[in-house]
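K.L.:
Letter 505 of the sequence shown, counting from 1, is numbered 505 in the numbering used here, and no numbers are missing.
Bear in mind the hints are in silico, worked out from the structure with no lab data behind them.
All figures in this text were calculated on a predicted structure; none of them were measured in a lab.
It is possible that part of the hints are untrue.
As the list claims (entries may be wrong) - Straight line, CA to CA, 30 Å or less: simulated DSS-like cross-link-like pairs of lysine-lysine: (1) K176 / K33; (2) K166 / K209; (3) K102 / K61; (4) K723 / K900; (5) K166 / K176; (6) K456 / K330; (7) K917 / K690; (8) K529 / K353; (9) K771 / K799; (10) K33 / K209; (11) K221 / K430; (12) K854 / K638; (13) K723 / K799; (14) K200 / K2; (15) K166 / K775; (16) K324 / K245; (17) K775 / K650; (18) K222 / K162; (19) K430 / K331; (20) K166 / K2.
To be verified - Restraint ranges, calculated between C-beta atoms of paired labels, are given here: (21) D823 / D704: 34 to 40 Å; (22) D275 / D254: 30 to 36 Å; (23) T37 / N807: 42 to 48 Å; (24) G791 / G216: 41 to 47 Å; (25) N816 / F705: 27 to 33 Å.
Even for Gly, the Cβ is constructed at its ideal location relative to N, Cα and C.
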Amino acid sequence: MKFVVIDVETTGNAPHKGDKIIQIGAAVVENGKLIQTYSTYVYPQKSIPAFISQLTGITDKDVAGAPVFSEVAPQILELMKDSYFVAHNVPFDFSFINEELKNAGFSALKNPVLDTVECARILFPTASGYSLSALAEWLGLTHDRPHQADSDAIVTASVLIKVLHKISQLPAASLKSLKQLSPGLASQLEPILINALSVKRSTGRLDDKSFETYRGITIKKKRSLSLEASRKTVEGQFNKSFFVKGGTLENRWDGFQWIEGQQEMADAVWSAFNDHSHLLAEAGTGTGKTLAYLYPALQFTKESGSRVVISTHTLHLQEQLLEKEIPVLKKVLDFPFQAAMLKGKSNYLCLRKLERVLKEKQASYEETLGLAQLIIWVLETDRGDLEEISLAGGQQSLLWDQILTDSDSLKDDPWADKNYYYRAGEEAEKADIIITNHALLFSDIVKENQLLPVYKHAVLDEAHHLDELAGKHLGFSLSYLFLNQLLSKVNQNDTRSIIQRLAVYEKSYIHYFHENWYQRRQDNYALLKYECDELFRTLHTFTKAGHQKKQSETGGFLCNYEPSHLQRQGWSSIHEAAERFIVLIEEETEAWNEFHERLSSEIKGTQFEIGWLEAFRITLMDITVSIESLIALLFNKKDNYVYWIEAGRKGELNSIVMYGRPINVNDLLADKLFAEKFSVVMTSASLTVKKSFSYIIENWGLEDFAPQTIMLPSPYHFKRNTKLLIPSDMPLIKDGERDYINDAAEFIYHAASISDGKMLVLFTSFDMLRKTYFKLREWDDEGDFYLIGQGMKSGSRSKLIKTFRQNEKAILFGTNAFWEGVDIPGEDLSCLIIVRLPFAPPDEPVMEAKSQHKTQSGSNPFTSLSLPQAVLRFKQGFGRLIRHKQDRGVVIVLDNRLIKSSYGKEFLESLPPVPVKYLPTPTLLNELADFMDK
1 MKFVVIDVET TGNAPHKGDK IIQIGAAVVE NGKLIQTYST YVYPQKSIPA
51 FISQLTGITD KDVAGAPVFS EVAPQILELM KDSYFVAHNV PFDFSFINEE
101 LKNAGFSALK NPVLDTVECA RILFPTASGY SLSALAEWLG LTHDRPHQAD
151 SDAIVTASVL IKVLHKISQL PAASLKSLKQ LSPGLASQLE PILINALSVK
201 RSTGRLDDKS FETYRGITIK KKRSLSLEAS RKTVEGQFNK SFFVKGGTLE
251 NRWDGFQWIE GQQEMADAVW SAFNDHSHLL AEAGTGTGKT LAYLYPALQF
301 TKESGSRVVI STHTLHLQEQ LLEKEIPVLK KVLDFPFQAA MLKGKSNYLC
351 LRKLERVLKE KQASYEETLG LAQLIIWVLE TDRGDLEEIS LAGGQQSLLW
401 DQILTDSDSL KDDPWADKNY YYRAGEEAEK ADIIITNHAL LFSDIVKENQ
451 LLPVYKHAVL DEAHHLDELA GKHLGFSLSY LFLNQLLSKV NQNDTRSIIQ
501 RLAVYEKSYI HYFHENWYQR RQDNYALLKY ECDELFRTLH TFTKAGHQKK
551 QSETGGFLCN YEPSHLQRQG WSSIHEAAER FIVLIEEETE AWNEFHERLS
601 SEIKGTQFEI GWLEAFRITL MDITVSIESL IALLFNKKDN YVYWIEAGRK
651 GELNSIVMYG RPINVNDLLA DKLFAEKFSV VMTSASLTVK KSFSYIIENW
701 GLEDFAPQTI MLPSPYHFKR NTKLLIPSDM PLIKDGERDY INDAAEFIYH
751 AASISDGKML VLFTSFDMLR KTYFKLREWD DEGDFYLIGQ GMKSGSRSKL
801 IKTFRQNEKA ILFGTNAFWE GVDIPGEDLS CLIIVRLPFA PPDEPVMEAK
851 SQHKTQSGSN PFTSLSLPQA VLRFKQGFGR LIRHKQDRGV VIVLDNRLIK
901 SSYGKEFLES LPPVPVKYLP TPTLLNELAD FMDK
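My request is simple: use the sequences and hints to build the entire structure.
P.N.:
If you want it as structure tokens, here you go:
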């Protein structure tokens, strides 16, 4: 087969609106090798826009003497004879070439196409990104001149060669599955897959022994745990010189770097475990705290035989522990140990569901692409953790819900011994160290220790929001979106619903079909859906009327309420609507449960049908739990709980969520965590206020447990590598938000001009972020900067950060989610702007309720609650800038309360020693320029 890779640079993105090609690059691939290249500039008969020249480096001077497209068209047509048309984003290059051919009087190309973006997403489902530059870096390819057609074509050809090679190595069953899906893809892969199958048959080449094929799906064989890692106790002694210069770690690990305080922290963790005491350890960035708690944890578990749970807040740290720190310790320690990662069920692929979905007709291109990715991924994954894969559509795709693990498999489930979640559970049972996340940790507490293996010792890393996370997981919520998704599964009118699939099976294979029963369900569903929508419409009206200018983080309405508060205007209408809906759904649930019992006794089908019956049972369980939550949220008030509703500004039902959260969690944490465990080590870079743990001890319920404490400052040279700048002439927001936002946007623009972008701007409210974002766009009328705003552009936090790192002169705007867990080391981030001191909005429901409790108990809610929380948040935000020893940059705070207020010194005292400059804006910008020039 012959493949011609084409890349074009153009004057814009719309060929049908007159945009023209300015450069063509081509690379010919045959038999897995690059055999020919071709490139030429093309005179577009119009000026090249400045932004295109900036992007590509191609100017009007470069193309002045170049041929027009009609002159190069015959060469392109000759090159394309009997070949595939290949491009990185085929629709773009193919449409441009064909539009230019048409305008030049030639026939359009009708060659089969391959899109290397699509092919790479399928064949490399765990790649970090699929732009040509990101993919080249991930594959280890050199890409010196991005956005130059000749260079891009050659790099794309290299990607294609790797794609074709990987296809040739795929097991036969995987090739057949991809062939089955190929008609729904943009790339015409079927002939390539057929050829690969033919070669495999003709050569008699067997599949790799690391795979196993079962029920038509080939997966990576289950790895077996070594017998030595069976949680036996071993003799040994904690080494108090493990981290010191000339100690064990330096002698056995080439990557050793001595860090002051690392051994001190390890000693403290060891002491806490052996003394059965709790430990609060504040460890600044760069203190090496992960190894400092992992080593004593492992030594303790091997000596005592008691496992240790390590819990983190972010996926990034979980992966770092398992893939970076654990391998180091396996290399240097004298004893064997087993570490395992365990997450909640919904993080894992269900192979039984994958088999079922593969047998069905795909509903969309996105679903087809996602399934193709999964076929490849199951050949590579040991854990089946869906976070490993860049699945098409992500968690928002319809496919996601169809393939994740959401229940215990049936005893006769043929995939049971290959189930990834059970596999993770088996490894956790045998492991010395279990790595998990705070969400599962608290879910395990709520479910009375049914999710994690029994443990009495734990390390909670990223622990600074322990009370907030406890409140979230020990509370409850219900959204219209979730409830509506559940109801859609029992919609008799939807051919893809669970109940309709079971109805088709019953009608086809069971002698007696309950047609009247199905008709009643169909009639009742319309009324049930109407009453559900009516309830949430009433909730939205109530929220909009009672929000009192409160806003959710995304700019919608927010309204506090109390269950059973019938005196409040509009609440009786909500109760009436809820009662009608609850009566209807309880009647229907009873009928659905009877149907489930009837079909369970009658069904004689394959595992395929039993799988749908199991899915129906799970749906009924979820509906029952949701109705219990609805009753609790609207009718049963609990002491020490606050209740509120959030709704979008435009009246969309999908935006409505009801919440019930505990106000204070200190007693809950004391009773359900600290009293139940022998030792809990809590560590973070932000645990102290004014060098004291008293705020944390009081608010986390640790007062009766006398925890040990330790503070380790960051070893980085903040005095040399960082400055803190505060403009003295920035207006106060209380004197007028508009003036403040205008001045803030102007300052950000000038500062970004000095730093060449590379700037993260942190906000405390989405509304101010949005207004500042649009005001900055007015300042940046020439488009000098690539502006990335949370909520302004679609995508998760990680996707926005990836976009920020991939673009020159970028400015990233973020709110709450960006104050922590953001790691952008090196030159990608050189300037951090904190727009306002991060005081929680006083009318945020939980904060407001806590403040009222403080007042009632005689405490000052500002000094005992708002200020300590803001200081801890400020420390987290400040920590986004310096992530590694060699990092340098400037932090700018556009809030002169940091200097002028009586409490500002508490923020400054919380920081590492850093030079502080409080100057008028022109002088301050000169300081910034001087720092950047060094």
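K.L.:
For which of the previously enumerated hints does the structure constitute a violation, in increasing order of number?
P.N.:
The structure conflicts with hints 15, 23, although it agrees with all the remaining ones.
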